Each structure stands twice: as C-alpha cells, then as structure tokens.
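Q: Below are the chains, spelled out letter by letter.
2 protein chains.
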Amino acid sequence: MRLKLVNIKEIATYDPDSDSVSRVEKQELLITDGKITAIGSNLGQANTEIDCQNCLVTPGFVDPHTHPVFWQGREIEFARRIAGATYQEIAAEGGGIRSSIAGVRKADYQELRQAVKNRLNRFLNLGTTTIEAKSGYGLSTESELKSLEILADLNEDHSIDIMPTFMGAHAFPAEYADDPDQYVDLLCEEMIPAVARQGIARYCDVFCENGYFSVAQSRRILEAGSQAGLIPRLHADEFEDSGAAELAAEMKAVSADHLMAVSGEGMNAMAKAGVIATLLPGTTFFLGQHNYAPARELIDRGITIALATDFNPGSCHIQSMPFIISLACLQLKMTIEEAFTAATYNSARAIGMEAKIGSLTVGKQADVIIWGIKNLMEIPYNVTDIPIRNVIKSGQPVFRLD
Amino acid sequence: MRLKLVNIKEIATYDPDSDSVSRVEKQELLITDGKITAIGSNLGQANTEIDCQNCLVTPGFVDPHTHPVFWQGREIEFARRIAGATYQEIAAEGGGIRSSIAGVRKADYQELRQAVKNRLNRFLNLGTTTIEAKSGYGLSTESELKSLEILADLNEDHSIDIMPTFMGAHAFPAEYADDPDQYVDLLCEEMIPAVARQGIARYCDVFCENGYFSVAQSRRILEAGSQAGLIPRLHADEFEDSGAAELAAEMKAVSADHLMAVSGEGMNAMAKAGVIATLLPGTTFFLGQHNYAPARELIDRGITIALATDFNPGSCHIQSMPFIISLACLQLKMTIEEAFTAATYNSARAIGMEAKIGSLTVGKQADVIIWGIKNLMEIPYNVTDIPIRNVIKSGQPVFRLD
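Residue numbers (the working numbering), protein chains in the order written: chain A, 5 to 406; chain B, 5 to 406.
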C-alpha cells in the first residue's frame, strides 16, 4: 500500500542527522505500509496520491504531558476563578481537583471511555498524533486501574498513540488528608504493585512540590515504581523551588516537567543527568500568570526542552500544540525552530519514542500533518487559527473525527 | 422564509432591556426573512429546522477594530522578532509597516481583493459576522481609495458585514519622513475630501501617539474628517500616555482603542464624554508583552468596554474573537459575562450598530453562532479550540467558506 503526498510547498522537520530543522521545497513524500519510505522528487507510482495544494507538511505533534482521563470539564470553577474566587472558596464549593476525583471514581467505564475518546479526537484534529497520558484523577487502586484500562482500551481502538503513565501521586485524596504518609504507603505497597500486574503503564509520575509530595515521599514512590518496572518522570518545581529538579536528576528521570521555579542548582543537576525539561506554558497562560519557565536559561545550560499542553480540566484546558508553540515563541522566547523541535522530536524523546516518531525521516512511522499554510513560520504567526487540512496517522488519513 | 433553531441547550446573549447577560435553556429561535422573530417554546412550523444538538447558541461576534486590507502576511518579520531582532533591524531589512505599504500600493486590485476575501472567510468561520475594517496600508490617495473600494466591493459580495474606516493617518509614509506636517496637509486637503467624494468610509481613524501623529495633528485630521462627514475614532495611548484619550473625549469620538498607557485624566475625560474603550488584548499578547490595558479601572469609572482583535499583519495576526474573550478573562481580568458583552453588544455599539446586531433580540438581524459546547463559560474555557458548528448571517447558514 503506497500513499504519495504531492504538490508540497515545504516539508519542515527536525533532522536528527544534522541536529537542525530542515525546510525543503517542492519534494514529494512516499508512505509505504504506514512508514515513510522516501522523500524526494519523481518517487514513482502510488496507490493513492494526496494533493497538498502547494502547502506545508510537518510531522504530527507529540504531546508528552496530558491528563485526559477526567469525567467533566470544570468550566464553572473556571468562571468562579475569573470572577475573583480564591482556591479556598472554590474548594469549599466542591471544586478543584477533588471534584475531578469524585467524578472519575463514580463514572461508568463506558461513559468515561467515551469522554476520553472525544478528547482524543480533538487532539488528532489539532495535529497531535501521539500523547503521553496520565491517570491521577482516581487516587484509589480501583479507579486508577480503571483510568489506565481506558487508556489501553482506547490505544487499541483509536488512531492516536498513547503512552500511559501511572500518576496516583497526583494529589492526596481527602480520606488521607490527616495522614499523607499512609497514602504514600498505599501507593508503594498496593497501587504500584497492582499497576505493574495490570501491565499497562510505562511511566510513574509524582507531583513533587512543597505542600504536595515532598522530595522524600516522591523518592520513595518513584523508587517503588522503578522496582516495578515503571520509568520515573516528575512534576517538578511548579510553584516554588522544592528540590524536585535535583530529585529528577538523582532518579535519572526521563523528564522533569513545569519547572517555573527551578533553581540554578536544579538546572545544573538536570543538565548533568541528561533529564529533559518538559515545559508547559499553557498552564501559566491558563492561570492568568506571567511566571513562565526559564526556557532560555535551560537551553543555555544544554538541557533539551520538550513542549507539552498539560491538558487537564483545572489548570490548563488547552489541547492545541500549535498554540503551545506560539506561547513558547512569545512567552518562553524560544525561536520558531526551537519550539517546533520541542513539540515534535524532543517531545518524542521525552516519552522515549524518538526512534519511531517525531520527525519526517525515512523508516519512521508516517505521522504527518498537511497544513493550509505555506511555511513553518506561519504556525506560530497564526496563533489560534489552526489551518490543518489533513492529519495522517501511521499512513492513514484520520482528520475530522467527531 | 422561516428558519427555526431547535434542540438548543442554552441561548446566551446580552439583553439590552435588563442590561445583563441572559442565559436561558431549552428555547427555540425563529428566524423570518433574515430577522429574529421569536425566542421561546412551540414556535410553530418553519421551512427549515436546524438541530442544534443540545448545544449553545449565541449572537455572532462583532469585531470593531481590524486592518484586513494588506497584501501578504509578515511571518518572516515575526520570526526575526522572535529570534531577537529589534524593530530597527527589521525596518532596515525592509520589514515593518513599510513593507505592507509597498505591498498594497503595488498590488493588483483583484489579487488584493482575493487576499482580503480569504480573511473575511476566516472571520466568518470563527463566528465573526460583522467587522469594522480600516484602510491604512496605502497612505497615498490612490491606494487608500483602492483599499476602501475593495471593502465596499466585498461588503456587497460577501456574507460578512463591513463597516469601513479611512485610516490614512496610520503612519507617515517614507516620502514624508522629513516633513510630517506636509503629509497631514495631504490628508486634510486631498485624501479626506477624496474619501468623502468616494462615499464609502463611515469613520476616520488616527494613530494618535507621541512619535506618530501628535494630538495637534490628530485633532486637525479628525476635524477635517468630521467636516467631511466621517465620524472620529482613535488609536489612543498604546505605548505611552500621549493625551489621546482626552482628545477622543474632546472630539466626541465613538471609540478610543488600545489604551494600555491611558492616564487617570484620560479615563475621566472618556467617562464624561461617553467614549467607548475598545480594548485589543491580542496585540499585547502577540507582541509578547504583559502591559495589558487597565480594563477594571475603566469599568470602575463607568466606561463601556468593547473588545476587538486588531487583526493586522504586524502586531496582531489574530482573527479569533473567542480567543480575545479568553485573553480578556485571563489577562484583562474581565468576567466571562463582561467579556462576552464586550465582544457582541458593546462592540456593536463601538460601530454604531447596536440597534441592528450584537444581541439575540426579537427584531434584530439573525446573526447567530451554533456551537459544539453546552454553555457560555466553555467559550473562554476552551481557549483556542473554537468548537463552532454553524454560523448564520442574516438568516443564512454560511459556515466553512474556503
């Protein structure tokens, strides 16, 4: 089965060989049995041709930090926050993460699966062909396993590829408010072994921050995860410098995420250990704040940056990687090439998938976006108008799922 | 010809009678010969019914500040700015507004018309059913008249309604750099009379700012415009307090726009004179800055706020009013109801059209958005994912123009 993309204005992709963004004009792209088999001129006959209407072609986006397994949106709480309510007031009204936890625990499997599936459709329509997806709105053994089961189920059934992460350490459930260490015991002694037996999750994530999971608690959880075969990754130093970046380095985590308050020592430790910094500028934006992560400092220290949406119902209800690229350019002061690389190849690295996806390279899986614009620069220049004409996943056109 | 919208979850609209946002559930909306003729239950038979799939219905957005008559995007300059180039460097490379001026002057009428038409299609697809649109990238009598002629031509030919503004005082063309007052003479003595004879423009706009058109020059231009029948409006106090808000009050301008640097005195003068403040948070965002206009102070002083995109190729390449509403909530600290009103009814007031459009009120033109979401709060909550199912302009479905 040969599919050929013709009449391409520009193919833009990070090129691992030259370690730079390549932008070539007037080439064709040949896909054979779901893989990229040639990029060049006069590539011969194919079963199907797609006319790219003299427009841009890029790899599909890889989003390495999402929380899509929740029951309902929290737009009421959003409206309360916009109108000036405090977190305390919202929590007292039954809002905040606890409402999401109640929702997932109560939700019927099929209905929750359908809600998540609708969100996967939207990711694909926005050009995202692979996501990392976390559990973490159940916080009981049963509901965390249910969340991961839904991700595995949809990974089979849906075009998008999902890399599942167990995040029972997302928050302390209300029933453990008085004895948080008892919840850490539950995580390490019951939940992680059960997740390992279930065999779905690839990563173990912890919200490591003063006032949430301490460095000591996070270390214990990530070590238990490691022993069960789950690769560590962290929510690190989002609100204040809590030493989480250093823990990420110590644990050889694949990625430390957020990092708005990371210290110089934390950055140095990450650089030395080769931890990827996954930045989530959508969250800063969605919270109406301006304390964006120090992207240029991270880059200057030689740390690889990946970009992700952090899609979740509370602090970042954004699914668009093109918009995250705009934010990276405008707020993180990354160049367009840096942001584009961070949203494709580096984000594939942040989930250990760069050998298979993240660039338009012969031999890789054919995850491709066909745009309605002419060149790479127009992606952030268009900000919120996402002119995508077609999305191809593993060689199959999949755009406009409803 | 009767068109009925059925199976509506929520109709959200500013209600002029109660001076508040009304949100009613489970009503139908009847359109007869392009006008709203009833909102309620059991509205009887119609020629056509549209099933709103238990979703939200709102008025179409009114965008009261746009600059759509330009030749090409300036994404190369955007990329240079993101990479750290200064305005001086960009100008030296042939970028900035002067490249747009060269483009419009040289452009073939039909090709320029087509470029503008494509942008109008995008406005409509994003739910904007009426725009104010400025000339101002020609800055010669001939090219300003050409720009206005294209707007009049497309207003006839295109579903979107256009309120045209003459803005020859957008910048000083290079040929008058050494003698700016001579360009003011040209504006007042040749261009404004020619624009008046042409009979297309309804408004006259000036970029009143220290280093651009001074208060004295702006007053002279707006007075010449007034005498020729053009209603004054201003770009005011965008970079620094230049006394432009006071001039807007003195001239009884319908609207003063931008206002990031407006003074207390300027606000008091606007309040007293009833000048509308049209805020453009997309520009602050697109420039990567944080000096958003003082929306709450303006509201506290009793000034009516309208929201607009400022769509233009240099400082704000954003066409989405839903995203502007998000920015208003997150950055201007407006409530959802305030931002929604500012993007519909108040923005209709900012172009003198509130008797005809800007709310879903019996007797008004049927400019309607049918959404893929359930309620008003989800518009800003979705940020960049604009789930619009259908747009109705003067009673005609017009969504998905290419």
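The hints are simulated quantities; they were obtained by calculation from the structure and are not laboratory data.
Note that the coordinates shown come from a computational prediction; the quantities given were computed from them, not determined experimentally.
Incorrect hints may have been included.
Identical copies look the same in the list; a pair holds intra-copy or inter-copy alike.
Said to hold, decoys possible - Calculated pairs, BS3-like style, for lysine-lysine (alpha carbon to alpha carbon, straight line, at most 30 angstroms):
no.: 1; residue 1: K360; residue 2: K378
no.: 2; residue 1: K337; residue 2: K150
no.: 3; residue 1: K378; residue 2: K276
no.: 4; residue 1: K360; residue 2: K150
no.: 5; residue 1: K30; residue 2: K110
no.: 6; residue 1: K150; residue 2: K378
no.: 7; residue 1: K256; residue 2: K368
no.: 8; residue 1: K110; residue 2: K360
no.: 9; residue 1: K39; residue 2: K276
no.: 10; residue 1: K8; residue 2: K110
no.: 11; residue 1: K8; residue 2: K276
Q: What are the numbers of the hints that this structure violates, sorted from low to high?
A: 2, 3, 8, 9, 10, 11
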